[in-house]
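Engineer: Take the sequences, apply the hints, and build the full model.
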Amino acid sequence: MSRKRPRLVPETFGSRRRRGPGGAGEEPPGGEAGSVRRALRELGELFPRLLFQDALPPIALKSQVYSLVPDRTAADRQLRELRELGEVRVIQLGFDADAQGIVFTEDFRTKALASCRGRPYEGTVKRFLASVLPACGDLSFHQDQMTQTFGFRDCEITQLVNAGVLTVRDAGSWWLSVPGAGRFVKYFVKGRQAVLGMVRKSKYRELLLSELLARRAPLSVRLGLPYHVHDLIGGQLLDIVPTTSGTLLRLPET
Amino acid sequence: MLGFLEARQVGLDDPGRLRRAEATRSMLSGGSDGIIALYDLENFSRKVHYTCKSICSVGRNHPDVHKYSVETVQWYPHDTGMFTSSSFDKTLKIWDTNTLQPADVFHFEGTVYSHHMSPVATKHCLIAVGTKGPKVQLCDLKSGSCSHILQGHRQEILAVSWSPRYEYILATASADSKVKLWDIRRASGCLITLDQHNGEKSKASSEAANTAHNGRVNGLCFTRDGLHLLTIGTDDRMRLWNSSNGENTLVNYGKVCNESRKGLKFTISHGCSPEFVFVPYGSAIAVYTVYSGELITMLRGHYNTVDCCVFQPNFQELYSGSRDCNILAWVPALREPLPDEDDEAETQKNPAFEDAWSSSDEEG
Numbered sequence: 001m002s003r004k005r006p007r008l009v010p011e012t013f014g015s016r017r018r019r020g021p022g023g024a025g026e027e028p029p030g031g032e033a034g035s036v037r038r039a040l041r042e043l044g045e046l047f048p049r050l051l052f053q054d055a056l057p058p059i060a061l062k063s064q065v066y067s068l069v070p071d072r073t074a075a076d077r078q079l080r081e082l083r084e085l086g087e088v089r090v091i092q093l094g095f096d097a098d099a100q101g102i103v104f105t106e107d108f109r110t111k112a113l114a115s116c117r118g119r120p121y122e123g124t125v126k127r128f129l130a131s132v133l134p135a136c137g138d139l140s141f142h143q144d145q146m147t148q149t150f151g152f153r154d155c156e157i158t159q160l161v162n163a164g165v166l167t168v169r170d171a172g173s174w175w176l177s178v179p180g181a182g183r184f185v186k187y188f189v190k191g192r193q194a195v196l197g198m199v200r201k202s203k204y205r206e207l208l209l210s211e212l213l214a215r216r217a218p219l220s221v222r223l224g225l226p227y228h229v230h231d232l233i234g235g236q237l238l239d240i241v242p243t244t245s246g247t248l249l250r251l252p253e254t
Numbered sequence: 001m002l003g004f005l006e007a008r009q010v011g012l013d014d015p016g017r018l019r020r021a022e023a024t025r026s027m028l029s030g031g032s033d034g035i036i037a038l039y040d041l042e043n044f045s046r047k048v049h050y051t052c053k054s055i056c057s058v059g060r061n062h063p064d065v066h067k068y069s070v071e072t073v074q075w076y077p078h079d080t081g082m083f084t085s086s087s088f089d090k091t092l093k094i095w096d097t098n099t100l101q102p103a104d105v106f107h108f109e110g111t112v113y114s115h116h117m118s119p120v121a122t123k124h125c126l127i128a129v130g131t132k133g134p135k136v137q138l139c140d141l142k143s144g145s146c147s148h149i150l151q152g153h154r155q156e157i158l159a160v161s162w163s164p165r166y167e168y169i170l171a172t173a174s175a176d177s178k179v180k181l182w183d184i185r186r187a188s189g190c191l192i193t194l195d196q197h198n199g200e201k202s203k204a205s206s207e208a209a210n211t212a213h214n215g216r217v218n219g220l221c222f223t224r225d226g227l228h229l230l231t232i233g234t235d236d237r238m239r240l241w242n243s244s245n246g247e248n249t250l251v252n253y254g255k256v257c258n259e260s261r262k263g264l265k266f267t268i269s270h271g272c273s274p275e276f277v278f279v280p281y282g283s284a285i286a287v288y289t290v291y292s293g294e295l296i297t298m299l300r301g302h303y304n305t306v307d308c309c310v311f312q313p314n315f316q317e318l319y320s321g322s323r324d325c326n327i328l329a330w331v332p333a334l335r336e337p338l339p340d341e342d343d344e345a346e347t348q349k350n351p352a353f354e355d356a357w358s359s360s361d362e363e364g
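Line by line, the protein sequences are chains D and V. Take 1 as the starting number for the first sequence in the UniProt record's numbering and just add one per residue. Take 1 as the starting number for the second sequence in the UniProt record's numbering and just add one per residue.
Keep in mind that the hints were calculated from the coordinates and are not lab data. Among these hints, one or two may not hold up.
Some chain D residues judged to face chain V by a derived CB distance under 8 Å, without partners named [to be verified]:
| id | residue |
| --- | --- |
| 1 | D71 |
| 2 | R72 |
| 3 | T73 |
| 4 | D96 |
| 5 | A99 |
Note that the coordinates shown come from a computational prediction; the quantities given were computed from them, not determined experimentally. No residue lacks a Cβ here, since even glycine has one placed at the ideal position from N, Cα and C.
Structural biologist: Below is the structure:
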């Protein structure tokens, strides 16, 4: 290896990762849809299923994908391809316009069916999952779409909202949603604030990544420190500074 | 002489609304104190760190100086005999460079945020002016009055830019989150309103339909070939658009911090491969590649918020103005060629110069 020219581009956490949270890794970021799929599976491993009694499919956030695949444009493009193939669904989580959750369609379908088993709206939900999900890859649905194209009556739409598969967005339009995702969003928001607080309270408002992961998580962090760290890095709420002692996380100045 | 054929670039701000004249290598800057200064950019001192002197300026004792902050300055696109400046004192002044007297003054009802004159126009001499009102005004230099109003925006116009490719295409950015492309020959309204979701209604809440950003749109910059348009907004995003059909190319630059309440002047390189966009980011300047969205580096050197930057393609230099009252020139660093590791192998002597004499004293 010849002596490298000094790089203008610092090695970010994402491209040098695999020493950070997430375990062993291999491929260079970017490339085909494979790298985002791999990233999603890895994030699925980090998701704490037992916390929700296995009722929720593993939800990964888009910002976490950016942390694992540092080339954002390529990550977006691959996500679009996966959406077009029908492998993943994007869910609007509601607390932030930017925060979108990504679930694998298969997991979503299994968990949604499991959550409505034995309830009166089971049939409607089954019909929804069978007819609307494959046909329409959008994040939200409109009144006309639901009634005319797919033939759902108003009472059936109310049943879907009660089941948790749809969430009200506007008068006459609904977001697609994961049943039982409310608890996840609550833990996520609290956990994100708690992890940011850990960095904020430290001297000089910066922490080594290894130090942060070694600390005991405060009680409000239920989803696990690595999960939140990926989200904060990918969402650019923390800056990555490569140092000789490892990666440093720093709060941005502004 | 390339300078005469080059398109002029957009001005900067505080202290500099900077503008370069390629032919005479001088730069215009307008400051928040209303002063306009001309600098000579050529560096004859051969030192690595040099200071450009101000050749002349329209200072506070000039009778026609702007009363409030100068927002935009621009050289007349065809030569440096004239320049235009617009300011928060609701005027746009046309100056004669040799005498430093205003040749004409246009008055408006609201503060002027931005103005631009087309760099490639031959058939018209219109200056597009964005003011606090929602109407874009086009002022004609030949007749000395506002000839044209473009209606369509709902709030103040923060940035205007003519296309460097077509002389009748104008882009305007407004605080109502919309960016519109106009053909000024058309009477019936804008050509395209840029939509960040490319028509997919499902992505965002219904209020965000047809908007270019989720906040005020602060800055506009066409690429040099005029085929793409970069916009920057207070939702901390920068977007790249295809200027012919208004499609969002969905290049993701990440978070581009933008806290400016008025327009933000950023600039694109010319003659580099790949092209870079230089965006003021707090007190540093962020450099991104335009078409792939990668953050290359942050240029640090200012002590306070950077307001504007402009690129000089002939010298390949970047000039930036900031609230610390400094204008800095960023010069590309020439790297020393690294010595190769297999140096010894390369220094093989030409056999013609080898001699057969042994180097030892003894006979050999």
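Engineer: Does each hint hold? Answer for all of them.
Structural biologist: Hints, verified against the model:
1. Because the beta carbon of D:D71 sits about 7 Å from the nearest beta carbon in chain V, less than 8 Å, this interface hint is met.
2. Of the supplied interface hints, the one on D:R72 holds, with its beta-carbon coming within about 4 Å of a beta-carbon of chain V, less than 8 Å.
3. Of the supplied interface hints, the one on D:T73 holds, with its beta-carbon coming within about 4 Å of a beta-carbon of chain V, less than 8 Å.
4. Against a cut-off of 8 Å between C-beta atoms, the interface hint on D:D96 is violated, since the closest Cβ of chain V lies about 11 Å away.
5. With 8 Å as the threshold, the beta carbon of D:A99 stays out of range of chain V, its nearest partner Cβ sitting at about 13 Å, so the hint is violated.
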